[in-house]
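Student: If you read the sequences in order, they're chains A and B.
Heads up: the first sequence is residues 1 to 348, going by the numbering used here.
Heads up: the second sequence is residues 1 to 566, going by the numbering used here.
There are no misleading hints in this set.
Result set (DMTMM-like, lysine to aspartate or glutamate): computed pairs, CA atoms no more than 25 angstroms apart in a straight line: (1) A/K270 - B/D242; (2) A/K270 - B/D427; (3) A/K204 - B/D133.
Source of the hints: derived by calculation from the structure; they are not laboratory data.
All of these numbers come straight from a predicted model, not from anything done at the bench.
Each chain, written out:
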Amino acid sequence: MKISLKFLLCSLLLGALAACAPAVPEGPRTLTVMTHDSFAVSEEVVAAFEAEHNADVVFLKLGDAGEATNKAVLAADVPLADVFYGVDNTFLSRALDGGIFEPYQSPVLADIPDEFELDPEHRALPVDYGDVCLNYDIAYFADNDTAPPANLEDLLKPEYASLLVVENPATSSPGLAFLFATIGHFGEDGYLDYWRGLVANDVKVVNDWETAFFTEFSRWGGERPIVVSYASSPPVDLIFAEEPVDAPVTAAVVSDGSCFRQIEFVGILKGTQQRELAEDWIDFMLSTTFQEDLPLQMFVFPVNPNAQLQPEFVNFLIEPEETALVSPADIAAHREEWIEAWTDTVLR
Amino acid sequence: MRNNLVSATLWFLPLVFLGLFYFYPLGSILALSFNRSGSLLQPFLDLLASAPLRGVIGFTFWQASLSTLLTLAVGLPAAYLLARYRFPGKSFLRALSGVPFVLPTLVVAAAFDALLGPRGWLNLGLRQLFGLDAVPIHFVNTFAAILIAHIFYNTTIVLRLVGDFWARLSPRIEQAARSLGANSWQTFRHVTLPLISPALAAAALLVFIFDFTSFGVILILGGPRFATLETEIYYQTTALFDLPTAAALALVQLLCTLALTLIYTRLTSRLSRPVELRAPSVITRPFPSRRARFLASVFLLFLALFFAAPLGGLAARSVTRLEGDRGQATSVQPGLTLDYYAALGEDQRGNIFFATPTETVRTSFLYAGSTVFLALVIGLPASWALARRGDALLSRLLDPLLMLPLGTSAVTLGLGFIVALNSPPLDLRASPLLVPLAHTLVALPFVVRSLAPALRSIRPRLHQAAAVLGAAPAQVVRHVDVPLVGRALIVSALFAFALSIGEFGATAMIARPEYPTIPVLIYRLLSQPGALTYGQAMALSTILMLVTGGGMLAIEKLRVVEIGEF
Numbered sequence: 001m002k003i004s005l006k007f008l009l010c011s012l013l014l015g016a017l018a019a020c021a022p023a024v025p026e027g028p029r030t031l032t033v034m035t036h037d038s039f040a041v042s043e044e045v046v047a048a049f050e051a052e053h054n055a056d057v058v059f060l061k062l063g064d065a066g067e068a069t070n071k072a073v074l075a076a077d078v079p080l081a082d083v084f085y086g087v088d089n090t091f092l093s094r095a096l097d098g099g100i101f102e103p104y105q106s107p108v109l110a111d112i113p114d115e116f117e118l119d120p121e122h123r124a125l126p127v128d129y130g131d132v133c134l135n136y137d138i139a140y141f142a143d144n145d146t147a148p149p150a151n152l153e154d155l156l157k158p159e160y161a162s163l164l165v166v167e168n169p170a171t172s173s174p175g176l177a178f179l180f181a182t183i184g185h186f187g188e189d190g191y192l193d194y195w196r197g198l199v200a201n202d203v204k205v206v207n208d209w210e211t212a213f214f215t216e217f218s219r220w221g222g223e224r225p226i227v228v229s230y231a232s233s234p235p236v237d238l239i240f241a242e243e244p245v246d247a248p249v250t251a252a253v254v255s256d257g258s259c260f261r262q263i264e265f266v267g268i269l270k271g272t273q274q275r276e277l278a279e280d281w282i283d284f285m286l287s288t289t290f291q292e293d294l295p296l297q298m299f300v301f302p303v304n305p306n307a308q309l310q311p312e313f314v315n316f317l318i319e320p321e322e323t324a325l326v327s328p329a330d331i332a333a334h335r336e337e338w339i340e341a342w343t344d345t346v347l348r
Numbered sequence: 001m002r003n004n005l006v007s008a009t010l011w012f013l014p015l016v017f018l019g020l021f022y023f024y025p026l027g028s029i030l031a032l033s034f035n036r037s038g039s040l041l042q043p044f045l046d047l048l049a050s051a052p053l054r055g056v057i058g059f060t061f062w063q064a065s066l067s068t069l070l071t072l073a074v075g076l077p078a079a080y081l082l083a084r085y086r087f088p089g090k091s092f093l094r095a096l097s098g099v100p101f102v103l104p105t106l107v108v109a110a111a112f113d114a115l116l117g118p119r120g121w122l123n124l125g126l127r128q129l130f131g132l133d134a135v136p137i138h139f140v141n142t143f144a145a146i147l148i149a150h151i152f153y154n155t156t157i158v159l160r161l162v163g164d165f166w167a168r169l170s171p172r173i174e175q176a177a178r179s180l181g182a183n184s185w186q187t188f189r190h191v192t193l194p195l196i197s198p199a200l201a202a203a204a205l206l207v208f209i210f211d212f213t214s215f216g217v218i219l220i221l222g223g224p225r226f227a228t229l230e231t232e233i234y235y236q237t238t239a240l241f242d243l244p245t246a247a248a249l250a251l252v253q254l255l256c257t258l259a260l261t262l263i264y265t266r267l268t269s270r271l272s273r274p275v276e277l278r279a280p281s282v283i284t285r286p287f288p289s290r291r292a293r294f295l296a297s298v299f300l301l302f303l304a305l306f307f308a309a310p311l312g313g314l315a316a317r318s319v320t321r322l323e324g325d326r327g328q329a330t331s332v333q334p335g336l337t338l339d340y341y342a343a344l345g346e347d348q349r350g351n352i353f354f355a356t357p358t359e360t361v362r363t364s365f366l367y368a369g370s371t372v373f374l375a376l377v378i379g380l381p382a383s384w385a386l387a388r389r390g391d392a393l394l395s396r397l398l399d400p401l402l403m404l405p406l407g408t409s410a411v412t413l414g415l416g417f418i419v420a421l422n423s424p425p426l427d428l429r430a431s432p433l434l435v436p437l438a439h440t441l442v443a444l445p446f447v448v449r450s451l452a453p454a455l456r457s458i459r460p461r462l463h464q465a466a467a468v469l470g471a472a473p474a475q476v477v478r479h480v481d482v483p484l485v486g487r488a489l490i491v492s493a494l495f496a497f498a499l500s501i502g503e504f505g506a507t508a509m510i511a512r513p514e515y516p517t518i519p520v521l522i523y524r525l526l527s528q529p530g531a532l533t534y535g536q537a538m539a540l541s542t543i544l545m546l547v548t549g550g551g552m553l554a555i556e557k558l559r560v561v562e563i564g565e566f
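Isolated chain A, as found in the complex (with noise of 0.2 angstroms):
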């Protein structure tokens, strides 16, 4: 706060904007770290880097993942930051495409299954993963003593007609991750007439994961009880309950490659003056000080193994063992057209 009440008046009564830069030769070095708005961090994770390297980090934020990626891009030539954290598997070739990384083979990289390495030149590094599953409410399938989905064919029955709820993705970045898992499930040439069947059965969509979650879904009083959401939103609810819950209100579908994987990642960004401090900070994302603290942050898990996960995130977890499979290179050469594709087949 103080800095920034400084920064502004000393900027303001100058009036040379530029006469103000934070100029600090000794002393700390700072490191830039943009990111996308769902990134959290404890404090005393992030203050035991900056003590450990003598360096100040400061965060970022510039718009969802999609967004953020596109501004990297845009400054590919001029940097915004050090490094960029954030991106993810839905978005990477845009970002590997655009150039904007140097690449870094981490030491902590030997410790991370190959499953997670997307990129082979070391460009973008994993840093952690969630699965976008569908989500239902368990007590709306009980009162209605009805079957809650098994997988996504189900959702084509007409029992389940009218029950859904859907993010656009164009939109949302579950939506898009949604629309992969139902290309990778249903392939290429099957994924159209799926949704062609899902709209002949009063699928809703919706432009963003809080309209679906908090208006649409009945868990919080919409008429839709499945809605596309995380495989961690049952345990997350639990956690931010009001009062102490002891038993799920809502689960997620994992079977058979109903979700999709998305991989997040981090790269030093191409034309850094902190080359070296850079480096520091993506071992030390991958490493367990900064793996454990994740999942409570940012409801998302270590790709690191040797990351202990806490009790309450684990307690009602249901993980899918095997999600749909897109290639990286699927991805980006047919990001775009997909979309279009899915948009003219269920909006138009």
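Place chain B on chain A using the hints.
Tutor: Structure of chain B alone, referenced to chain A:
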């Protein structure tokens, strides 16, 4: 010649500001985008050839026209009543109508959800009353939601522009028409309507500009089946990264806005020399009959309810338990609670970006204070230039430019900041200064619109008299201009303040996450599951409503009713 020189001096600062923080970023991103396609013309040809994109342009005009007509239908009778009659609660109604105008869309969406959503108060009430299983009212993601939200946002423009002008209009001409035998319809049609038409047209144009470039309302309340130019630019940019198409759409939107602002500024300059003006206190009178009072009361109550119900619904939700026992999700829950407000101060996660409500309000106030400072420093000389007699050519050309940022795609301009302001001495991309700078772009037109008429109202004779009596030019300013313009200055400062407090888009664009503003923190709270966090979002929204509402009420108390275009 000398006239133009003075104008040029006055315009210097506003022009430097607009040049650096509007034209330069906008030009940079448009140039970069068209470079990507290799041709300036091709994106436009593609746009014309695409039926869906033509549909988007058509829908943008259609929804804006319809929203404008409906806003006028609600606002005109209210403007008439405010202008011509004395009744209690007048400034409260004006202040109330101004609150939505400065609230971010996500709060307005949450407010309508609290009232009309599947578990909004209205649906809960109807379901309990009639024992319904299904939700009777579907509001979210309908065309009606777009229209109603636009009326909710913009009626205040009609009240302020038309109402104020009407309030100053001498009723003598109307009385003459009546005494010559015209009935009330004929009087309205042939006397009043022509007299108020510049104000009416100016209000309609301004409302149209806002509806035309509406973004959050279409995206959140309208949903995926509705696309306007502004949401399509967002879609083309973010989802498809098709910058040339986005740039072509942004230019189409910009040219339409430019045309509209040109007409608007011509019309408002006519407003400043109307036929015969009187102080409103002379004109307003009590309702002539019981019947008139009854009808007017019904209408005004309906109007007050229209503004208050969604806002009140949201406030009520912030003190009501969201989660009860199982099965209560569809019924009204009895438990009142202040837990959500208390929880705002508790950091559950140890998050480095955690900010208490006090810190958040302080950040918001700091940004708003800086916005007021910048907007006044830049707006005052611009208003001065506009108010000068002789209609300097420069002023006539530059006046519409001040309005232009209102009609510019925020997505495009946001990327423009990233691309253009990237090297010293202007590397502001990571600077907290960018927030007040962006807010100043939004606030400037409103500041100028309330200052210019006030400055115009200072008659040159006063200056001459003061000079003859031996006052130095500086003394003239201090003893004549400042007292006369003081209240208008305060009103425009409050307007800039309220606009900045409620602004979300530009703030979220480059917010330093450790200093969230109130709207940014509301957004953060809304984007994760959990009853507690949702309740906190409602609580913080209520705090925001109270802060902006207080500002609006202060504007009413300080407003000089005789002057002010907005």
